[in-house]
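Kindly generate the complete structure, drawing on both the sequences and the hints.
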Amino acid sequence: MRKQNKEDIVSIVLDDFKKRQYERKSFEIQWQLNMNFLMGNQFCNIGYGGEIEENDKQYFWQEREIFNHISPIIDIRLAKLSKIKPRMRVVPASNNEIDVKSAKLSQKILNSLNNKLNLNSKINQAIKWSEVCGTSFYKVLWNNDVGQAIAKDENNEKIRIGEVEISVCSPFEIFPDNVSCESLDEVKSLIHARAYSTDEIFDMYGIEVEGKDVNVFSLDNVSFGLGGLGYNGTCTKIANSQKKNSALVIERYEKPNKKFPNGRLVIIAGDKLVYDGDLPYINSNDGERTFPFVKQTCMDRTGCFWGESLVERLIPIQRAYNAVKNRKHEFLNRLSMGVLTVEDGSIDIENLEDEGLSPGKVLVYRQGATPPQYMDTESLPSAFTNEEESLLSEFQALSGISDLINTDKISSNMSGIALELMINENETRMNSTTESIRQAIKNVSQNILRLYKQFALVPRLTKIVGENGEMDLFFWSKNDLSSDDIEFEVDNEIGDSLTQKREMIFRLIDADILKDTDGKISNRTKLKLLEMLGFGIWENSTDLIELHTKKASNENLNLCKSEEVKVSEIDDHELHVNEHIAFMLSGEYEEKKKKNNDLEKRFLIHINQHKNFKNI
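For the sequence shown, position 586 (counting from the first letter as 1) is numbered 586 according to this note's numbering, and the numbering increases by one without interruption.
Just so you know, the hints here were simulated from the structure itself, not pulled from any lab data.
Be careful, since some hints might not be right.
[Said to hold, decoys possible] Straight-line distance between alpha carbons at most 35 Å, and here's what the computed DSBU-like set of lysine-lysine pairs gives:
#1 Lys272 - Lys212
#2 Lys128 - Lys328
#3 Lys550 - Lys83
#4 Lys601 - Lys478
#5 Lys453 - Lys550
#6 Lys122 - Lys108
#7 Lys515 - Lys611
#8 Lys18 - Lys244
#9 Lys478 - Lys594
#10 Lys515 - Lys83
#11 Lys272 - Lys244
#12 Lys80 - Lys116
[Said to hold, decoys possible] The calculated label-pair distances, taken between Cβ atoms and stated as ranges, are:
#13 Tyr22 - Asn351: 53 to 61 Å
#14 Lys83 - Asn612: 50 to 58 Å
#15 Ile46 - Ser121: 26 to 34 Å
#16 Met504 - Lys188: 43 to 51 Å
#17 Pro256 - Ala93: 21 to 29 Å
#18 Ser167 - Ile282: 15 to 23 Å
#19 His329 - Lys83: 34 to 42 Å
#20 Asn114 - Tyr22: 38 to 46 Å
C-beta atoms are modelled at their ideal positions from N, C-alpha and C, and glycine is treated no differently.
Dropping the structure here:
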């Protein structure tokens, strides 16, 4: 395929893209329906032609109001899921001192990127897409045009060190080669398509393409037979619109195979070939190349690439609920306004239809005729109320969002344990969603470290705020990274409220678990407890152990540079001795020892000075 000319490559990719569009059509129309129901456009359905069709009123008096329960349910789920911000812990590749330091450095890099890349906002954005459409994607890339400027090229343009970039992609932009694959690992090739303006394409690739009208989705405020008797309502719906002077940018990713050992990436802007070459990122296990995407789902669908949205399950209940409420209101309209029976020719029918029976109205009817009278109507049947309550219960049962504030469900003599069990059961139903979010964040973190390992060629300075409010600056490059094994530090963020965490801390304190061998709580532990209790970091607090450890590490570096290092009376000598011995047992020390024959002697003299001060 590489021997083909540019026109053939463009034609093949465009044909492949159209084929995948057709295969994904049924899922795409369902996502549009989900978004319409979430926005409040709930009198629509998927027609036989595979398009969203609006249902109009059958009669002028028909009640067509919308009672949206899907939107508040999704709002509650988003509020709960937004609490998932798992802190990552990087695991060293081995017990070697170099690997341990590399893991600590990787941890600092991830912490420093949280604000720089605005990760929390991107996580929330991905959660919204996965909740509504069932699936969302993170795209983790390397951008050479950002970061600190280190030089200038022959055109006087700044050369920058580059940085990782993360963007969130909706499912409308992703086209796998096989919708029956359940994960990205099973997919052989993937297309990412997005519409850009011609100016944006020129800024990205430096080429000019012909601008056209590209179909995109937008919001539209419309009225089509909503409301009730005598009034109209409006709602927001998802509608097709045209993006002017734009073109599609299609990126086709192909995993490594026998024909393309490093995989293949083809980028087409409009009808022009922009790039055809290897996959650019070594971002998979064992130094392999793969897609720069991470998938996240609301609920996995067996035997399908696309996840299932909760909105999709709630749509039939929402339709039934709207129907019950509107029929109930129509019945109440008949009760309040009445239905007149009139003998033919007895009165002026047109006048009665226009004005009705207004208060004080003089009704003239033909002599000898039967006067108009209201028909007898029954009271509101209890079946309406029963069905309405049943549908509300189904909303809660399917969504996993229970109204625990309802006094009908919580009795006054219910124990705290029973309440806690109810809350835990309520949160457990969201475990599949929360697990997908945590796994996606873990994969994104691994991709970040692997991209830095590949592209951070120039030593760079990174700053991060330390535990004591200090600004921690450290130099590093790709050679300092050796581990991208990530673990979660927090298991369940949804069920752990601040009150529950505080209660658990007080229980641990009462049980004397946090006390040292002397029966006291150390200053380091006290500071950590205050932070966990929600009091933040005290400005004047100082973690002596951390400061002594940092000072001992600096002494190790100075001793390796053959600089004189004096022992101070304020040193924690036992801690310093342990830090120096740990460094001497590392592989880094052995490498430096080969280049400096006096290194061991210098370290031993320094260690003995600490021992003499402490008399140990």
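Structure-inconsistent hints, enumerated in ascending order:
Hints that this structure does not satisfy do not exist here, as all of them hold.
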